[in-house]
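Enquirer: Let's have the full structure, built from the sequences with the hints guiding it.
There are 2 protein chains.
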Amino acid sequence: MTTTLAVDCMGGDHGPRVTLVACRQFLDRHPEARLLLVGAPEQLAGLQHPRARIVAATEVVAMDDAVEVALRKKKDSSMRIAIQQVKQGDAQAAVSAGNTGALMALARYLLKTLDGIDRPAIASPLPNAKGGATTVLDLGANVDCTEQHLLQFAVMGSALVSALTGNPTPSVGLLNIGEEVIKGSEVIKKAGELLRSAGNAGDLNFFGNVEGNDIFKGTADIVVCDGFVGNVALKTSEGLASMIGGFLREEFSRNPLTKLAAIVAYPILTAFKKRVDYRRYNGAALLGLRGLVFKSHGSADEFAFEQALNRAYDAARNNLLDRVEARIAHARPLLVGPTADPQPLEAAHIE
Amino acid sequence: MTTTLAVDCMGGDHGPRVTLVACRQFLDRHPEARLLLVGAPEQLAGLQHPRARIVAATEVVAMDDAVEVALRKKKDSSMRIAIQQVKQGDAQAAVSAGNTGALMALARYLLKTLDGIDRPAIASPLPNAKGGATTVLDLGANVDCTEQHLLQFAVMGSALVSALTGNPTPSVGLLNIGEEVIKGSEVIKKAGELLRSAGNAGDLNFFGNVEGNDIFKGTADIVVCDGFVGNVALKTSEGLASMIGGFLREEFSRNPLTKLAAIVAYPILTAFKKRVDYRRYNGAALLGLRGLVFKSHGSADEFAFEQALNRAYDAARNNLLDRVEARIAHARPLLVGPTADPQPLEAAHIE
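Chains A and B, in that order, give the protein sequences.
The opening residue of the first sequence carries number 1 in UniProt numbering; numbering runs sequentially from there.
The opening residue of the second sequence carries number 1 in UniProt numbering; numbering runs sequentially from there.
Source of the hints: derived by calculation from the structure; they are not laboratory data.
As the structure is a prediction and not an experimental result, all values here were calculated from the model.
Do not take every clue at face value.
For chains that are exact copies, the list does not tell them apart, and a pair is met inside one copy or across any two.
As the list claims (entries may be wrong) - Here are the computed lysine to any residue pairs in the SDA-like style, where the Cα-Cα straight-line distance is at most 25 Å:
1) LYS274 / THR258
2) LYS190 / GLU68
3) LYS190 / ALA66
4) LYS73 / GLY178
5) LYS112 / SER185
6) LYS130 / ASN255
7) LYS274 / SER253
8) LYS274 / GLU250
9) LYS217 / GLU250
10) LYS74 / GLY178
11) LYS273 / THR258
12) LYS87 / GLU68
13) LYS87 / ASP322
14) LYS190 / ASP64
15) LYS130 / ALA271
16) LYS217 / LEU269
17) LYS189 / GLU238
Expert: This is the structure we're talking about:
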């Protein structure tokens with residue numbers, strides 16, 4: 001069966017200049033894939049391809065547009081029309097490098113959440129020391145999460161990783177803090193119990209608690225956390241990686257001698273850079289919706305945007321949506337439904 | 001005036017083997033400092049110095065001892081006796097590389113918290129891209145913090161940084177998440193208002209919200225956050241730094257050719273390593289107590305432990321305790337006092 005992606009070609013910091021190049025590469029590499037190129041036709045005319053079709057959209061959601069503007073004002077935005085293609089069944093997944101808040105709000109509004117899911121989550125892989133990737137969610141769509149939300153993230157994350165890697169039982173770690181005075185907040189303690197029950201019921205492969213360093217160690221395949229915590233962990237890592245990279249560059253370009261050493265070390269530094277290259281892991285999944293939506297980093301270049309297309313394509317081909325639904329149905333007895341407030345705690349313990 | 005530190009010489013992964021070497025170095029470098037070496041006399045006899053005196057303690061809090069054990073069973077532990085020296089006024093600060101939970105609980109039990117402070121916090125500097133350090137608190141002593149706690153952390157962090165750097169108005173950032181769907185949790189929104197008020201009242205220099213990447217960018221001198229979030233950010237950074245270091249080592253030792261390049265690049269790699277050496281930043285302050293206590297990393301080597309001694313010494317010499325008290329008194333109208341603590345610490349049960 002052909003898989004079609006709807007691409008918001010106007011989104012991101014660079015728009016068609018980057019997205020079209022990535023789309024062409026993607027089409028070349030996937031002879032069965034089809035693309036719907038969504039945006040201003042005159043700006044997309046550069047990509048003529050038998051398996052690509054332009055879908056016109058007259059507006060663009062700007063990177064700094066408020067969610068309200070994307071939802072209520074720009075009703076013909078490329079972002080919205082791309083998601084609309086998924087809703088209509090004309091595409092199996094949408095990809096956008098636009099404003100995360102607007103993308104999540106539009107996706108939620110147009111596609112609605114799946115039964116049993118209160119809040120969609122953002123999941124992204126991060127490289128780990130084992131040479132693989134650790135998928136972390138939520139990365140910022142939800143704050144003040146309850147234990148029920150964390151369970152939903154665990155179930156959805158398992159579906160995502162099994163669709164993308166083929167591993168039917170990826171392990172799930174619950175992000176917690178370690179030896180310090182108090183181990184975990186109230187919500188985390190309750191979430192631990194809930195995830196353990198889900199593990200015992202065969203709904204997921206619960207590893208147990210993990211700490212921040214385990215993300216990059218690769219201790220568990222999936223790390224589940226509140227979106228506030230996940231977002232801080234992600235951005236802190238970006239900040240540290242950028243500082244370390246900057247220091248390394250500075251030291252190697254300090255004087256003619258160190259520059260010479262840099263030339264000698266060039267192949268090594270290149271290999272090193274490749275291993276920690278964030279671009280390879282571009283493409284976050286918006287999970288919990290009745291349709292697949294993937295978010296590329298706004299500043300993605302051609303290479304990075306193509307990775308986001310690849311991830312969306314793999315997820316769609318491997319029926320991520322069905323997998324999420326099946327796993328949620330299976331975990332049903334533990335999911336208390338879309339009312340989950342911090343209150344109905346006892347209800348959650350119904351085995 | 002002479003400044004005396006009480007050193008828990010038995011704590012940490014290595015005990016006297018590391019702490020005594022660091023103590024001797026410290027005494028050599030600070031001709032006016034005095035040390036109380038706390039621990040088993042026969043193990044401390046190796047360090048004979050006119051400005052060092054042994055204070056006997058028959059027990060040791062193990063790294064994996066429960067808080068309860070440290071508080072109720074081992075009443076003659078080196079950790080406890082070291083803090084006791086501060087309480088008695090025989091030392092101006094205590095330093096230990098032992099178990100964080102036990103140290104915080106003992107310090108809180110023996111010294112009590114300052115008026116206006118509900119919860120002591122753990123503050124530590126992290127290197128930043130500007131070549132300085134960003135002080136982050138809380139790093140794990142408190143979870144489920146309220147906006148009042150975050151304000152207290154901001155006030156205490158300001159006192160710490162001004163005592164250690166001489167900058168009377170260090171800037172304070174509130175750790176938040178950025179452009180994503182929902183900006184900040186309920187507590188963070190309220191904390192933002194409170195910190196703004198404190199800034200307007202001249203109690204602190206409030207920079208505004210910062211994100212995870214700002215910690216290593218050095219956007220603000222101090223970053224304030226819930227202990228759960230801070231602990232995750234810290235450990236995630238440790239994990240990433242360790243992964244990057246591992247990759248770099250692997251690439252440079254891949255084959256004879258890369259090993260040759262490593263020799264050429266050795267001075268550069270050494271300079272680089274020095275810049276990101278976390279040991280230079282060893283020595284976390286336990287803030288909010290009626291006495292100064294500093295925590296060294298458990299795995300600290302001689303160099304790292306000496307840094308913790310240096311930080312404790314600088315803090316004591318620069319009257320950190322008076323500064324914290326003065327700042328709290330000044331911010332009094334905004335601090336609602338030691339009520340509304342949703343979750344008393346273990347230590348609180350003792351009293």
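Enquirer: Compare the structure with the hints numbered earlier in the document and write down the numbers of the violated ones, lowest to highest.
Expert: The structure breaks none of the hints.
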